[in-house]
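Undergrad: Protein chains in written order, with the working numbering: chain R, 1 to 264; chain X, 1 to 264.
To be clear, the hints were calculated from the coordinates, so they are not data collected in a lab.
Don't take each hint at face value.
Where chains are identical, the list cannot tell them apart; a pair therefore holds if satisfied intra-copy or between any two copies.
As the list claims (entries may be wrong) - Derived DMTMM-like pairs: lysine to aspartate or glutamate, alpha-carbon spacing no greater than 25 Å straight-line:
1) 28 - 161
2) 8 - 164
3) 57 - 215
4) 28 - 215
5) 142 - 100
6) 232 - 262
7) 205 - 262
8) 97 - 143
9) 202 - 14
10) 21 - 178
11) 21 - 174
12) 21 - 126
13) 57 - 14
14) 97 - 161
15) 202 - 100
16) 94 - 143
17) 21 - 215
18) 232 - 174
19) 202 - 262
Since this is a predicted model, take the numbers as computed values, not measurements.
There are 2 protein chains.
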Amino acid sequence: MRLFLLPKEFNGTDTITLTGKNFNYIVKVLRLKENASLTGRDAAGNAWNLTILHIGKASVTLSAVRDAFAKERTDALPENRPRHNIILYQCLPKGRKMDEIVKRGTEIGVCAIVPVKSGNCIANLEENRAESRSERYEALIKEAVEQSGSLVPTRIGNLIDIKDVSSDFKKRSEAFGEPAIGLILHQCSLKEDQRDLVSVLKGFKGTVGVLVGPEGGFTDSECSLLMQEGFKPVLLRTNILRCETAAIYALSAVQALIETSEDN
Amino acid sequence: MRLFLLPKEFNGTDTITLTGKNFNYIVKVLRLKENASLTGRDAAGNAWNLTILHIGKASVTLSAVRDAFAKERTDALPENRPRHNIILYQCLPKGRKMDEIVKRGTEIGVCAIVPVKSGNCIANLEENRAESRSERYEALIKEAVEQSGSLVPTRIGNLIDIKDVSSDFKKRSEAFGEPAIGLILHQCSLKEDQRDLVSVLKGFKGTVGVLVGPEGGFTDSECSLLMQEGFKPVLLRTNILRCETAAIYALSAVQALIETSEDN
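Next comes chain R alone, as it looks inside the complex:
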């Protein structure tokens, strides 16, 4: 199923005319013809039934009718959607690895992805790249939502320093009004007790913040700081994973654990 993300400007009018990338996507990529229908979602997460009225040379006009889609979906598979919030704090890895993480995280239904700068980051973090980076992530999220039909409106955060992760998580998680727990994925042995995911999340239902390191992991002082601020260090009992795999692994396991119907 494909889902089309309506532009932010869309304010519920009966028809909408799209140009540029959106025109391209509908006419060139999806190759839809006049009278074809597709499901849209607006910035607030509402579902719309869209029908193509007219295709011009560089613009496409659609009718928009509020759709019971989301409701139907919810009725059909009442428990088959993530009910709790996951926020991914990802220290920027090298090259295009972050793209992969943004795509899969969106697909899994993470509610926010916040890029983090930490001591061992070797990615190019120049300020003048911030805007293009952020634009690329937005585009990747849009594509992943459209491909997967995710009903979670995944947001991308601005790049923050690792010392601000804890306050950022506090602010974001408080908005959800659920219990919240922050996890730091640290594959080195600490002096302190370091538990596995199942053990740390036993009986927990609520918002989870997952902090994943860059290729070189975290420094001892970064770990100590986060732990002082209440983050729980987690050791994954697995092979040595590449950092993009580690993020997906953690998000998958965390979601499976907090979405269970068991009291575990």
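Dock chain X against the given chain R, drawing on the hints supplied.
TA: Same frame as chain R, but now just chain X:
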């Protein structure tokens, strides 16, 4: 850390001369020079300390000394390796999605990946492609082991029909001498009780078989058959995932659940 997979012919001699792809990998890709060292693993899973003695035009000769590497690793992170076996039965998806699954599955430390042909498979399964497919998977596994330093020797199985999954799993899992459970990932509502992963794996420690469908999922009769044969249907409480993400999601969550130190 990089790990070099020694050719199957290697039988523990003091020196080994490599040509072709192996020569290329060491000299052209890793760009190692004479006297450089790297860690190797033989077909039986033993670790070897390799040192480059001589680089020729099309061959490289190395000395090979049995290494305490695996032991050291185990001592350093005694519990930080998968202890239980996971076997992935993956219905062949379209195009190159299987490549991604093979790579990540190897990284996570799945012990076997078995391609499966099922009713909704739309991949090209022509017999004459079987050999090149199998060769490609072997190469991907080799690359993923070398990149991730996985200590699990992941095997690729021959393509089997979905009706033979149950007997194949019985045979493979019996060899491990642990309790075994087969799971079928089915994202449609069944009449029967369909539980989530945490619930199905509660208290379970042993070998897990994970059967993941192709793009179109399983047919009702495939599901019924597998369930009659003891496979448990599992519903992931997540978004609609692409099939390659579904496989990684399930493997990650399953491994996190069976590797916990909790009794859960």
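Undergrad: Are the hints correct? Go through all of them and say.
TA: Hint-by-hint comparison with the structure:
1. 28 - 161: neither (40 Å within a copy, 38 Å between copies)
2. 8 - 164: For residue 8 and residue 164, neither the intra-copy (29 Å) nor the inter-copy (51 Å) Cα distance is at most 25 Å.
3. 57 - 215: neither (46 Å within a copy, 34 Å between copies)
4. 28 - 215: Answer is between; shortest inter-copy Cα gap is 23 Å, intra-copy 38 Å.
5. 142 - 100: both (13 Å within a copy, 22 Å between copies)
6. 232 - 262: both (22 Å within a copy, 17 Å between copies)
7. 205 - 262: both (10 Å within a copy, 18 Å between copies)
8. 97 - 143: both (16 Å within a copy, 17 Å between copies)
9. 202 - 14: Neither: 48 Å inside a chain and 51 Å across chains, both beyond 25 Å.
10. 21 - 178: Neither, since 38 Å and 54 Å both go past 25 Å.
11. 21 - 174: neither (36 Å within a copy, 55 Å between copies)
12. 21 - 126: neither (27 Å within a copy, 38 Å between copies)
13. 57 - 14: within (22 Å within a copy, 71 Å between copies)
14. 97 - 161: Classified as within; 19 Å inside a copy, 35 Å across copies.
15. 202 - 100: Neither: 29 Å inside a copy, 31 Å across copies.
16. 94 - 143: both (22 Å within a copy, 19 Å between copies)
17. 21 - 215: Neither: 34 Å inside a copy, 27 Å across copies.
18. 232 - 174: within (18 Å within a copy, 38 Å between copies)
19. 202 - 262: Classified as both; 10 Å inside a copy, 9 Å across copies.
In this structure, the earlier hints numbered 1, 2, 3, 9, 10, 11, 12, 15 and 17 are contradicted, and the remaining ones agree with it.
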